[in-house]
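Asks: Order-wise, the sequence lines are chains A and B. According to our numbering, the first sequence is numbered sequentially starting from 5. According to our numbering, the second sequence is numbered sequentially starting from 5.
Simulated from the structure, these hints should not be mistaken for lab results. A few of these clues could be false.
Pairs involving identical chains hold if they fit within one copy or between any two copies, as the list cannot separate such chains.
To be verified - Quick list of in silico lysine to any residue cross-link-like pairs, SDA-like style, CA-CA up to 25 Å:
#, residue 1, residue 2
1, LYS94, PRO122
2, LYS182, TYR131
3, LYS249, ASP100
4, LYS94, HIS134
5, LYS9, PRO122
6, LYS182, MET115
7, LYS249, ASN184
8, LYS94, GLN241
9, LYS143, GLY207
10, LYS69, GLU45
11, LYS233, ILE175
12, LYS94, ASN130
13, LYS182, MET246
14, LYS182, ASN63
15, LYS94, LYS182
16, LYS249, PRO122
17, LYS182, GLU95
18, LYS182, LEU62
19, LYS94, TYR131
20, LYS182, TYR128
21, LYS182, LEU89
22, LYS69, PHE123
23, LYS249, GLU95
24, LYS94, TYR128
25, LYS9, PHE123
26, LYS94, ARG189
27, LYS182, GLU247
2 protein chains.
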Amino acid sequence: MRTLKIVVEYDGAGYHGWQRQKGLLTVQQALEESISRITGEKVTVVGSGRTDAGVHALNQVAHFKTGSSLAPRNLLLGINSLLPLDVVVKELQDVDELFHARFDVKSKLYMYQIFNAPFRSAFYRNYAWHVYASLNLIKMEEGLSFLKGAHDFSSFCGKKKDDEFNCIRDIKDARIEKTNLELIRIYMEANGFLRYMVRTIAGALVDVGMGKRAPEDIPLILDAKDRTKAGIKAPPQGLFLMEVKY
Amino acid sequence: MRTLKIVVEYDGAGYHGWQRQKGLLTVQQALEESISRITGEKVTVVGSGRTDAGVHALNQVAHFKTGSSLAPRNLLLGINSLLPLDVVVKELQDVDELFHARFDVKSKLYMYQIFNAPFRSAFYRNYAWHVYASLNLIKMEEGLSFLKGAHDFSSFCGKKKDDEFNCIRDIKDARIEKTNLELIRIYMEANGFLRYMVRTIAGALVDVGMGKRAPEDIPLILDAKDRTKAGIKAPPQGLFLMEVKY
Chain A
5 MRTLKIVVEY DGAGYHGWQR QKGLLTVQQA LEESISRITG EKVTVVGSGR TDAGVHALNQ
65 VAHFKTGSSL APRNLLLGIN SLLPLDVVVK ELQDVDELFH ARFDVKSKLY MYQIFNAPFR
125 SAFYRNYAWH VYASLNLIKM EEGLSFLKGA HDFSSFCGKK KDDEFNCIRD IKDARIEKTN
185 LELIRIYMEA NGFLRYMVRT IAGALVDVGM GKRAPEDIPL ILDAKDRTKA GIKAPPQGLF
245 LMEVKY
Chain B
5 MRTLKIVVEY DGAGYHGWQR QKGLLTVQQA LEESISRITG EKVTVVGSGR TDAGVHALNQ
65 VAHFKTGSSL APRNLLLGIN SLLPLDVVVK ELQDVDELFH ARFDVKSKLY MYQIFNAPFR
125 SAFYRNYAWH VYASLNLIKM EEGLSFLKGA HDFSSFCGKK KDDEFNCIRD IKDARIEKTN
185 LELIRIYMEA NGFLRYMVRT IAGALVDVGM GKRAPEDIPL ILDAKDRTKA GIKAPPQGLF
245 LMEVKY
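Can you make the complete structure from the sequences, with help from the hints?
Replies: Laid out in structure tokens, this is it:
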């Protein structure tokens, strides 16, 4: 059996998230079906982690095991020819049989995209959170700076997943970028993310950008270790998994 | 009766173009239905020109006449609340009753977007032409430069529209831009465009970028005044109407 690592891009708008679910269309299922048709075996694709319904990925990483002897390039082309057009395998390579897409993750980079304009966008409706009120970027950056480093992110976490022993995560890098259009992008890289963590942080930072909260409220929310303190979570369509590092 | 000018953004992926057509969903129809429901009258929306099925607009301009006395801001909000999410009116203002969105056009700016990478894009599938082979930008720019100024563009024109007396158009500005992603954007501003003109030029420039033709073939194609010389036209989903100037 070979172990293959794949890098996958998907537009999450049409999917009920990454993880296979009975009766619902998911990215994992789309990949497993296409790969199985090429290799002729039942295949299980193991992702670096789940993404929720409507969330996108530019470079999700996954692995699978196969007895197929097809060359990587032919496998890649074959899989892509069968995948729906909103999912694409960008890279495929043989890796050590011990490689595990989830357990071996060193860090992940997420981006949360906000469309900040007084009118809707016809193009970003599935790819950003539309915030009408003008946002103060300086204050958002100030708020974000309090989150860098290792903290207990209980206040920014949804229901715990089964495999989460604690809520301490280390945000190695965090920054905000404004494009020449009306787009604001919040980038966060961490050794791991809790469920809804990026979206809950984005929600709190938008409150700060609108002046509903002060930047200095962010460390207070952290210290409270209480999910009810952080406010609403940002909607899924603004979230992009950008990179997974090993 | 008031005359109102509107600036409209639309994602053309779900529409059979701008122009009203019996039994088909078009942008003009979506606008007329929403406006009529707000003003309570039958309304005709006159665009700066048609866009074909699948073509997008960031700033299409149109006008309509109404007896409604609603304030512009209320009209704008009301229309947008009824429009589908892939169409949005970005501006609405009272203008001189003699203003005509089509006849008064001074120039239009179009952008043609190419996704140039060896793999598909999950995100640009409806917003760019996917060209696998690596394109030589320098040669494309050289080819494009021959088109600047006033020329008879018969070789780059589809079937003539009823109101086209001749095929002479003046390209005031033309340039190519490459983003840090795999996107190549061809911008062209002219006093007017013939049917399929931008897409036929984009098709010829991609041939040049792939080395199938030399940049110096472009003036020869122009001189031939023969549509069969220009090769294939680029697909509609890469085309964006960026701006209409009056």
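Asks: Does each hint hold? Answer for all of them.
Replies: Tested hints:
1. LYS94 - PRO122: between (36 Å within a copy, 9 Å between copies)
2. LYS182 - TYR131: Both, since 15 Å and 22 Å are each at most 25 Å.
3. LYS249 - ASP100: within (16 Å within a copy, 59 Å between copies)
4. LYS94 - HIS134: Intra 29 Å, inter 14 Å, cutoff 25 Å: inter-copy only.
5. LYS9 - PRO122: between (43 Å within a copy, 19 Å between copies)
6. LYS182 - MET115: For LYS182 and MET115, the Cα distance is within 25 Å both inside one copy (12 Å) and across copies (22 Å).
7. LYS249 - ASN184: between (29 Å within a copy, 21 Å between copies)
8. LYS94 - GLN241: Classified as both: same-chain Cα gap 22 Å, cross-chain 22 Å, threshold 25 Å.
9. LYS143 - GLY207: within (14 Å within a copy, 47 Å between copies)
10. LYS69 - GLU45: Within one copy only: 10 Å inside a chain, 64 Å across chains, cut-off 25 Å.
11. LYS233 - ILE175: Within one copy only: 20 Å inside, 58 Å across.
12. LYS94 - ASN130: both (22 Å within a copy, 18 Å between copies)
13. LYS182 - MET246: Cα proximity of LYS182 and MET246: in one copy and across copies (17 Å, 21 Å).
14. LYS182 - ASN63: Both ways: LYS182 and ASN63 sit 22 Å apart in one copy and 21 Å across, limit 25 Å.
15. LYS94 - LYS182: Result: close only across copies, 21 Å inter versus 27 Å intra.
16. LYS249 - PRO122: between (37 Å within a copy, 23 Å between copies)
17. LYS182 - GLU95: The answer is between: 23 Å across copies meets 25 Å, while 29 Å in one copy does not.
18. LYS182 - LEU62: both (19 Å within a copy, 19 Å between copies)
19. LYS94 - TYR131: Answer is both; intra-copy 20 Å and inter-copy 19 Å each pass.
20. LYS182 - TYR128: Answer is both; intra-copy 15 Å and inter-copy 21 Å each pass.
21. LYS182 - LEU89: For LYS182 and LEU89, the Cα distance is within 25 Å only across copies (24 Å; inside one copy 29 Å).
22. LYS69 - PHE123: between (48 Å within a copy, 23 Å between copies)
23. LYS249 - GLU95: within (14 Å within a copy, 44 Å between copies)
24. LYS94 - TYR128: The answer is both: 23 Å in one copy and 14 Å across copies each meet 25 Å.
25. LYS9 - PHE123: between (42 Å within a copy, 17 Å between copies)
26. LYS94 - ARG189: both (23 Å within a copy, 22 Å between copies)
27. LYS182 - GLU247: Classified as both; 20 Å inside a copy, 23 Å across copies.
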